[in-house]
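Asker: From first to last, the protein sequence lines stand for chains A and B.
Note that our numbering has the first sequence beginning at 1, numbered continuously upward.
Note that our numbering has the second sequence beginning at 1, numbered continuously upward.
Just so you know, not all the hints are guaranteed correct.
To be verified - Chain B residues, not near chain A, derived (Cβ > 12 Å throughout):
1) D63
2) R81
3) V84
4) Q164
5) H218
To be verified - Here are the simulated lysine-lysine pairs, DSBU-like style, with alpha carbons at most 30 Å apart:
6) K233/A with K117/B
7) K196/A with K241/A
8) K241/A with K118/B
In case anyone wonders, no lab produced these hints; they're calculated from the structure.
Glycine residues also receive a C-beta, built at the ideal position from the N, C-alpha and C atoms.
The primary structure of each chain is shown beneath.
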Amino acid sequence: MTPKIRAQGLSFYYGAVRALHDISVEILPNLVTAFIGPSGCGKSTFLRTLNRMNDIIPGTRVEGRVFIDDADIYRPGVDVVALRRRVGMVFQKSNPFPKSIFDNVAYGLRVNGMAGSRSELAGRVEESLRQAALWDEVKDRLHESALALSGGQQQRLCIARALAVRPEILLMDEPASALDPIATQRIEELVYELKKAYTIVIVTHNMQQAARVSDHTAFFWLGRLVEYDRTDKIFTNPAEKLTEDYVTGRFG
Amino acid sequence: MDKAVRHFQEELELLLARLLEMGGLAEERVRDAVQGLVTRDPALIEKVKYGDEPVNRLHIEIDEWCFRLLALHQPMATDLRAIVSAVKINTDLERVGDLAVNIAEAAQRYASHPPVKKLIDIPHMGNVAQAMLRDALDAFVRRDTRLAQQVLNEDDTLDGLKTQVFRELLTYMLQDPSTVEPALDLILISRHLERIGDHATNIAEDVIFMVSAQDVRHHTAGGG
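For reference, chain B alone in the conformation it holds in the complex (with noise of 0.2 Å):
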């Protein structure tokens, strides 16, 4: 093996080391969002709404490596799919970031009204996001196209409970207009975990194109 191909794999390698620090940064504001609409911590809130600017950065120093690694060394094949599939990705987390400043808003807003009711799907909502986001990024970490394949099936339970917060909110907005505000923004952040469960099934895809070169995006059957 030449040197400068040793160069390409090992840059490679730390840039995908890199995707999964953005990875792990986007998962655990997530986290914090939830958490902080949950427990209605000012503080936890504050933290995630003004904490975007690391998750913005990596977001361009990845765009910017990848650029770099098309443009000197011209990849084939597998390495050409790994830079086009972290390029999307990254692409994706960011995504993920700017949603939880959204979660954190919303929550700021909920945080200023009486609670309408207990939280239960929300969080439930919030966990099933985490744990796809998590496992979109061990399945692209560990090539796993099983696991990737796992996460495309999650997103129909996003999308139920989705539903299903919608509905039993509508009742509280029925029965006394004072909670119109406050269930507003829990519908809203309803939607935006439905919106993460979305990235996370962008990055599963992103995952088996990378491995077997196989579209799976929009229900085609086709690959490569």
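Okay, chain A solo, but in the shape it has when bound (with noise of 0.2 Å):
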């Protein structure tokens, strides 16, 4: 399979400070692919220089390269707002708009000028929610304010927007860690159906759900990447005595 996703010497800096040594990884289309770690491993920086979304973070510094279908996405000339319309991201906390569930969804198609005519804008929309597992329950309400959704659904909503612009790869950074356990669950059967259409990676500090939800999990550690491999040979039997000393929590 040709990966999607290749980092090749990646290394970052927050300042002087190096967050990311030298990590190669290749991530594979229409998978799941889990970076777990303790905290301040490096796996959300590394998630974020995936869509380039540690650019906007003063004084920082990227080394080595990221292809994405084969092209460098840190090349001179990248149009970083088209790379992250085809790299989404959903964030730990869910950050709906304080607009319309309808305009939350239909945010991104407007400001890229993808909305078309209104029918096909309701189209995207509805879709999109369907896509989220939340139309159902939002259907007869779509004008009402995201606010008013529970944490689950807003999350969902989250997805739905990232989901509008038709993103190729989606990047989940905890995506479910302010949820309860019946809203997770939805989560993760979200990502199982969404998998099929896209290129996952999920930050997740819940090593269940890294075993649950992923296809392949990469552990960091201290800002390397430590192990890659399939997800049920990191949980049942690792190659590094770091990954199990980890995953069985014998850590620190």
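Reassemble the complex: the two chains are provided individually, in unrelated frames, and hints are given to aid placement.
Answerer: Next comes the structure, spelled out in structure tokens:
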């Protein structure tokens, strides 16, 4: 399988602090790849290098390369807005805009000039809400405020918003860590459904979640990629002692 | 190391100790059953025949314990393999206890007839089976895959002895039909001892899986 994302010798600096050391990894399409590791291990930083979200943090610097479909996203002249349209992102804390449910999902389409006709826009909004498994719960109140939704619904709304611009890759940074177990389960089921159409990379502190939802798992430690393998291998028989210590909770 | 995990490691150690205790009991019952057969000691035979309760109790206790640890701690990697192995070893040890009862029952019937012959190969089989069981459990405690491999190699010895016992007893039965009943009981006993060796082999395979994540059952070459 041709990798969707390929990082090559990627290092990342916050000022003088080197947060990522020479990361090389290939992420396959239509699979879920989980990044695990203790706080500060670099997993979120690495995730954000995949759509250049770190660019907006002053004083940071990237070395190495990240290819998406064989094109280096750090080469000069890359349209970062277009890149982020292809590589969508969902954050730990759901962040709906203080607008209606409909306008939240339509937002990306409108600012990207993808809205089309009124009926086309409505169709895309519905499709995105369906993909995010939220449609049935909100179809009768699309023009009510998104802020009235529950935490789990808000998170699925953010997923719908990310999906509306039809990205190829979905980056999820702890998407369920603030949700209750039922809402978490819905997000996990959604991830399972979405991987048929998207390449998904998920950062999670919850190892059981990584074990449940992902096909491949990468274990980060102190800014290094310690081990990257099939998820069942990582959780039943990891090759590295550090990984073993982490997944069995013998760390620190 | 946080508190919950230390708790898990402590429980795991206790669980494995309990499993060893069960192994010791099962081993003792095999020894007593063969001893009872050889010495025609009715008290010893009765003790084995009706003494399965402690092993059965441990069987249930250990299963419940494993189940609880899986549910509450969701262990991973080596810890997960240890618990899965413990469940399987537990079942093997319980079967060994049952087989000791079967041997005692056959020994009781055998003792009601005059001896067919001086028993040599069957006590030898008993020693080999016990040694395999002991080594398999030692390998388990010490996480020693070399010793586990030795147990696997011993299995052929038992199979050979079982065939030998059968052939020899066949000649007795052909010569004197009155020996058929007691000789059949001896053949049954040799079969039970061979089965005990099979359970020791299973345990040794579980030890190899627990330590190295290699599945060596059914001569599979691959691992993990």
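Asker: Each hint should be assessed against the structure and marked as holding or not.
Answerer: Status of each hint after checking the structure:
Listed as outside the interface, D63/B is consistent with that label: its C-beta sits roughly 21 Å from the nearest C-beta of chain A, beyond the 12 Å cut-off. Residue placement check: R81/B does not keep its beta carbon more than 12 Å from all beta carbons of chain A (closest about 7 Å). With a least CB separation of 9 Å from chain A, V84/B falls inside the 12 Å interface cut-off, contrary to its annotation. The Cβ of Q164/B lies farther than 12 Å from every Cβ of chain A, with a closest approach of about 41 Å, so its non-interface assignment holds.
Every C-beta of chain A lies more than 12 Å from that of H218/B, the closest at about 19 Å, which supports listing it as non-interface. In summary, the hint linking K233/A to K117/B is not supported, as the alpha carbons are separated by about 56 Å, beyond the 30 Å threshold. For the hint linking K196/A to K241/A, the alpha-carbon distance of about 33 Å lies beyond 30 Å, and the restraint is violated. Pair hint K241/A plus K118/B does not hold up; C-alpha atoms about 56 Å apart against a cutoff of 30 Å.
When held up to the earlier numbered hints, the structure conflicts with 2, 3, 6, 7, 8 and fits the remainder.
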